[in-house]
Amino acid sequence: MATRREIFAQPIPQNPPLDGPVLLKDGRPAYLRRASADDLPALVSFLQRVSDHSMAYRFFGNIPRGPQVAERLIAPEVQGTGLSLVVTVGEGERAKIVGVGSYERIGDHPVAEVAFLVEDQFQGRGIGMLLLERLAMGAEDEGLERLEAVVMPENQRMLRIFTDSGYEIDREFEGGDILITFSIEPTRTSVERYEARDRVATVASLIPFFHPRSVAVIGASRDPDQIGHRVVYNLVRSRFHGPVYPVNPRAEVIASMPAYPSVLAVPHDIDLAIVAVPPDEVLGVVDECAEKGIRGLIVLTAGFAESGPEGKELQERLVTKVRANGMRLIGPNCLGLINTADEVRLHGTFVDVWPRPGRVAMSSQSGALGLAVLEYASDLGLGFSSFAGIGNKADVSGNDLLLYWEEDPRTDVILLYLESFGNPRRFANLARRIGRKKPILAVKGGRTRAGQRAAGSHTAAAAADDAIVEAFFVQTGVIRCDTLEEMFDVALLLAYQPLPKGPRVAVLSNSGGPATLCADACEANGLELPTLEPADRKRLMQALPRLSAVANPIDMTAFATADEYRRALSILLQASYLDAVIVMFTPIGTADTEDVAQAVVEAVAERPGKPVLANFMGVRGTTQRLRWEGGLIPAYSFPEAAARALGQATKYAAWRERPRSGVVVDFADIEWDAVETLIAAGARAPGGWLERPQVGDLLAALGIPTAPTRVVRDEDEAARAAEEVGYPAVLRAQREPSLDGAHRADVYINLENAEDVRRAFGSLRRRQHMADGGQPAALVQPMVPHGVDVMIRVTEEAGFGPVVALGLPAGGLGLVRDPIYGIMPFSQADAEEVVRSLRQRFTEATGGADFSLDLGALEEVLLRLSRLVHEFPQLAVVELWPLRVHSQGRGCALLDARVRIVG
18 MATRREIFAQ
28 PIPQNPPLDG
38 PVLLKDGRPA
48 YLRRASADDL
58 PALVSFLQRV
68 SDHSMAYRFF
78 GNIPRGPQVA
88 ERLIAPEVQG
98 TGLSLVVTVG
108 EGERAKIVGV
118 GSYERIGDHP
128 VAEVAFLVED
138 QFQGRGIGML
148 LLERLAMGAE
158 DEGLERLEAV
168 VMPENQRMLR
178 IFTDSGYEID
188 REFEGGDILI
198 TFSIEPTRTS
208 VERYEARDRV
218 ATVASLIPFF
228 HPRSVAVIGA
238 SRDPDQIGHR
248 VVYNLVRSRF
258 HGPVYPVNPR
268 AEVIASMPAY
278 PSVLAVPHDI
288 DLAIVAVPPD
298 EVLGVVDECA
308 EKGIRGLIVL
318 TAGFAESGPE
328 GKELQERLVT
338 KVRANGMRLI
348 GPNCLGLINT
358 ADEVRLHGTF
368 VDVWPRPGRV
378 AMSSQSGALG
388 LAVLEYASDL
398 GLGFSSFAGI
408 GNKADVSGND
418 LLLYWEEDPR
428 TDVILLYLES
438 FGNPRRFANL
448 ARRIGRKKPI
458 LAVKGGRTRA
468 GQRAAGSHTA
478 AAAADDAIVE
488 AFFVQTGVIR
498 CDTLEEMFDV
508 ALLLAYQPLP
518 KGPRVAVLSN
528 SGGPATLCAD
538 ACEANGLELP
548 TLEPADRKRL
558 MQALPRLSAV
568 ANPIDMTAFA
578 TADEYRRALS
588 ILLQASYLDA
598 VIVMFTPIGT
608 ADTEDVAQAV
618 VEAVAERPGK
628 PVLANFMGVR
638 GTTQRLRWEG
648 GLIPAYSFPE
658 AAARALGQAT
668 KYAAWRERPR
678 SGVVVDFADI
688 EWDAVETLIA
698 AGARAPGGWL
708 ERPQVGDLLA
718 ALGIPTAPTR
728 VVRDEDEAAR
738 AAEEVGYPAV
748 LRAQREPSLD
758 GAHRADVYIN
768 LENAEDVRRA
778 FGSLRRRQHM
788 ADGGQPAALV
798 QPMVPHGVDV
808 MIRVTEEAGF
818 GPVVALGLPA
828 GGLGLVRDPI
838 YGIMPFSQAD
848 AEEVVRSLRQ
858 RFTEATGGAD
868 FSLDLGALEE
878 VLLRLSRLVH
888 EFPQLAVVEL
898 WPLRVHSQGR
908 GCALLDARVR
918 IVG
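Counting from 18, one number per residue, gives the positions in the sequence shown under the working numbering.
No lab work stands behind these hints, which were simulated from the structure alone. Ideal placement from N, C-alpha and C gives every residue a C-beta, glycine not left out. Check the hints yourself; a few may be wrong.
Computed spacing ranges between beta-carbons, pair by pair [what the hints assert, rightly or not]:
1) Ala691 / Gly109: 46 to 54 Å
2) Met558 / Glu392: 45 to 53 Å
3) Pro127 / Ile80: 47 to 55 Å
4) Arg907 / Leu196: 46 to 54 Å
5) Asp125 / Val86: 50 to 58 Å
6) Gln641 / Val270: 38 to 46 Å
7) Ser780 / Ala702: 51 to 59 Å
8) Ser904 / Trp689: 26 to 34 Å
9) Gly626 / Glu298: 56 to 64 Å
10) Pro284 / Gln641: 55 to 63 Å
11) Arg701 / Thr863: 19 to 27 Å
No farther apart than 25 Å at their CA atoms in a straight line, the calculated lysine-lysine pairs in the PhoX-like style are these [to be verified]:
12) Lys518 / Lys668
13) Lys309 / Lys338
14) Lys42 / Lys338
15) Lys668 / Lys455
16) Lys42 / Lys329
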């Protein structure tokens with residue numbers, strides 16, 4: 018067996034790593050991009066602002082600061098010997114370079130020398146670390162393996178940057194200076210430190226939104242029907258802890274407070290501006306906010322990217338202006354933001370609902386849905402720590418909010434209503450990490466074509482295939498809910514009850530019919546109802562009415578009293594073989610609803626530790642009856658809802674116990690030089706499709722077992738090939754490359770001699786209408802032992818990266834019926850989960866047939882493919898069909914494959 022090791026995937030920034038917005042350590046935006054010769058004047062100006070001290074550290078002495086030095090700073094990029102990056106702040110004529118870094122390759126070795134320089138005024142804000150991170154990413158993409166730098170011993174700030182990066186640093190003295198060298202392969206430490214820095218910068222950038230000391234409402238109005246009036250009213254009504262400044266050039270007083278003609282007229286500092294002016298006035302407002310030094314903008318105004326091309330252009334100008342001036346933006350076309358913390362009490366929206374304080378945070382792209390869920394949650398008794406309606410999410414995204422809520426001590430559960438993914442791969446990294454600590458629940462709009470059209474028309478959302486989204490959520494541990502109602506049912510459980518330790522549940526009821534429905538719903542949601550142990554059945558018989566049924570479900574009959582509920586529940590909560598209890602009550606006997614609710618609360622308060630759910634059928638306001646100072650028992654109107662919520666929580670708890678994903682499995686026997694040569698050849702081929710012999714060579718170099726194969730054009734070649742591979746032989750059609758994957762599966766098996774082979778080829782030619790002397794027409798292989806044929810198809814999907822579809826063939830076409838999807842790269846746990854799902858699918862499709870195949874071999878094929886597409890993102894299609902999986906311990910064999918390379 019080949020030696021394996023786990024390698025860590027390069028972190029994924031929110032924006033393109035070598036050309037896009039970045040956040041400095043203090044949360045202020047900047048822009049990082051490749052340098053060019055056009056930057057020389059700005060670089061000369063930059064050098065004039067750098068102190069002699071910093072120049073000496075960079076150039077090992079003071080040198081003239083003219084164009085020659087500026088050219089030297091970006092020579093690697095301009096001359097093609099490496100990469101040079103600059104960091105800029107400001108907009109238009111006020112834009113300036115504040116940092117520059119580069120690496121230059123050293124000869125033909127996979128090594129480069131790295132150096133950077135940051136303007137003194139901007140040192141200590143993380144620019145040097147940003148440059149190092151991005152240069153390392155660029156170097157890895159270029160095939161480099163190590164970076165090195167020569168640093169003066171006194172330059173402690175620079176030495177600290179290398180040490181704090183998390184890479185494995187080697188130091189040695191060289192002529193009085195220190196030579197730093199390190200491998201740029203990500204390590205667990207380098208990834209964790211990148212994530213920590215990312216979180217610190219993002220949270221700092223959101224402080225003006227969640228913890229503003231003062232708020233200006235631009236577009237405030239005296240008209241109660243106007244949005245600007247409602248925002249001011251809500252800020253006052255919620256008793257926001259700081260001053261509120263209404264801004265309206267046509268009013269002197271609004272809501273009994275002085276109004277100002279412009280934010281520039283406000284005599285005090287402002288942290289957050291909420292903007293409700295017409296779209297054509299927004300850019301001018303942003304200019305004034307920038308001049309005022311405001312760091313946070315919430316633009317409620319619609320009429321941007323969701324409205325068409327002109328609106329999209331306006332939104333792009335808005336975002337550019339906001340970022341260039343060191344601000345961040347929520348919106349546009351959004352509902353606003355709420356923070357219920359006592360020390361903040363911010364209600365920066367135009368809705369009339371002030372939610373109950375609690376442990377749940379929510380983000381919604383849709384404003385109308387945001388209003389509805391706030392009202393619904395209020396009726397349920399579910400409390401919020403914060404709520405953000407982000408609309409078009411032109412700047413602040415759901416990913417940013419996840420980073421904020423990850424460390425927010427007031428948030429235990431995160432809810433998302435999504436209509437699109439801005440950066441799915443980054444979301445996956447964040448969700449995997451954050452979901453280990455706090456459950457993330459999501460409702461994804463736009464599942465159907467009609468829904469996708471609707472989502473795109475009101476929030477500028479871009480849709481993704483729903484099957485891929487489903488796999489994406491499963492793999493990242495996000496609890497996907499089909500409806501908003503289900504999301505709040507699950508949230509109520511997760512916010513107030515412990516996670517179940519397993520799927521074993523007891524159902525306690527005073528009526529047989531509802532208990533039966535609950536038992537059915539539990540099994541449908543992956544839960545188990547174990548038979549109670551004899552000792553517990555005996556205790557229940559002694560505690561309950563004479564005719565009670567004490568198997569599981571437990572039917573206490575309509576005569577059960579509140580005290581009997583308390584005693585029975587206490588017995589079940591002590592049973593170590595039970596993981597949760599659903600308590601059902603139907604008001605058909607003499608027991609009082611209030612008394613039963615109190616009895617349930619007492620039993621749970623005495624024996625906490627297991628989740629308890631309630632279903633009081635036909636009773637309103639149950640949740641309030643089941644609330645006490647120490648917590649709350651979630652109540653559901655119907656047993657199916659309770660079972661569904663518990664099933665979701667149980668699956669989530671099991672996911673948390675799995676090893677963390679995010680690492681890639683590497684194999685020591687992969688022949689990378691051969692792989693790279695073959696992929697380079699494929700990039701030059703017509704349409705990017707590798708020839709069949711090259712495909713075989715590529716997959717063999719990757720370490721995937723492949724049946725000996727010969728490509729033949731006529732009967733004579735076929736007969737000679739069969740002699741080479743050995744009888745009995747197989748003749749199968751050579752597939753023409755296509756993007757949809759459909760093809761005929763013409764296969765002739767058990768060919769015992771040359772005459773059989775010639776006859777089969779003639780038949781194949783007639784069926785395929787092939788002419789002599791054409792393109793390769795068929796493949797000759799030896800007979801491969803029986804097994805189950807599996808298709809594996811990896812394609813590059815916009816935003817998600819490489820996506821694998823794994824499944825069983827549908828008839829004679831190379832298509833997969835109900836495929837299992839996964840998002841690559843895979844960890845070992847990811848591969849095991851996908852194969853487990855395929856096994857279940859096979860069992861269902863065959864009515865329980867045995868699937869005792871070599872699943873380990875199938876998992877290894879998936880992991881090797883994952884490693885390939887991780888290393889070479891230009892692989893657009895990799896299809897293995899058929900891959901024959903043999904019985905346990907006998908491996909697998911690839912019979913045919915196609916590979917397409919783009920870029």
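Do the hints match the structure? See the list:
1. Ala691 / Gly109: 46 to 54 Å: Holds: the Cβ-Cβ distance is about 51 Å, inside 46 to 54 Å.
2. Met558 / Glu392: 45 to 53 Å: 46 Å, holds
3. Pro127 / Ile80: 47 to 55 Å: At roughly 30 Å between Cβ atoms, Ile80 and Pro127 fall outside 47 to 55 Å, so the hint is violated.
4. Arg907 / Leu196: 46 to 54 Å: Taking Cβ atoms as reference, Arg907 and Leu196 lie about 53 Å apart, which means the hint holds.
5. Asp125 / Val86: 50 to 58 Å: With a Cβ separation near 28 Å, Asp125 and Val86 fall outside 50 to 58 Å, so the hint is violated.
6. Gln641 / Val270: 38 to 46 Å: 41 Å, holds
7. Ser780 / Ala702: 51 to 59 Å: Taking Cβ atoms as reference, Ser780 and Ala702 lie about 30 Å apart, which means the hint is violated.
8. Ser904 / Trp689: 26 to 34 Å: Holds: the Cβ-Cβ distance is about 32 Å, inside 26 to 34 Å.
9. Gly626 / Glu298: 56 to 64 Å: 57 Å, holds
10. Pro284 / Gln641: 55 to 63 Å: 47 Å, violated
11. Arg701 / Thr863: 19 to 27 Å: Violated: the Cβ-Cβ distance is about 44 Å, outside 19 to 27 Å.
12. Lys518 / Lys668: Answer holds: Lys518 to Lys668 is near 10 Å, not above 25 Å.
13. Lys309 / Lys338: At roughly 14 Å apart (the allowed maximum being 25 Å), Lys338 and Lys309 satisfy the hint.
14. Lys42 / Lys338: Holds, at roughly 20 Å.
15. Lys668 / Lys455: 14 Å, holds
16. Lys42 / Lys329: It is violated: about 30 Å lies between the C-alpha atoms, which goes past 25 Å.
Checked against the numbered hints given earlier, the structure breaks hints 3, 5, 7, 10, 11 and 16 and satisfies all the rest.
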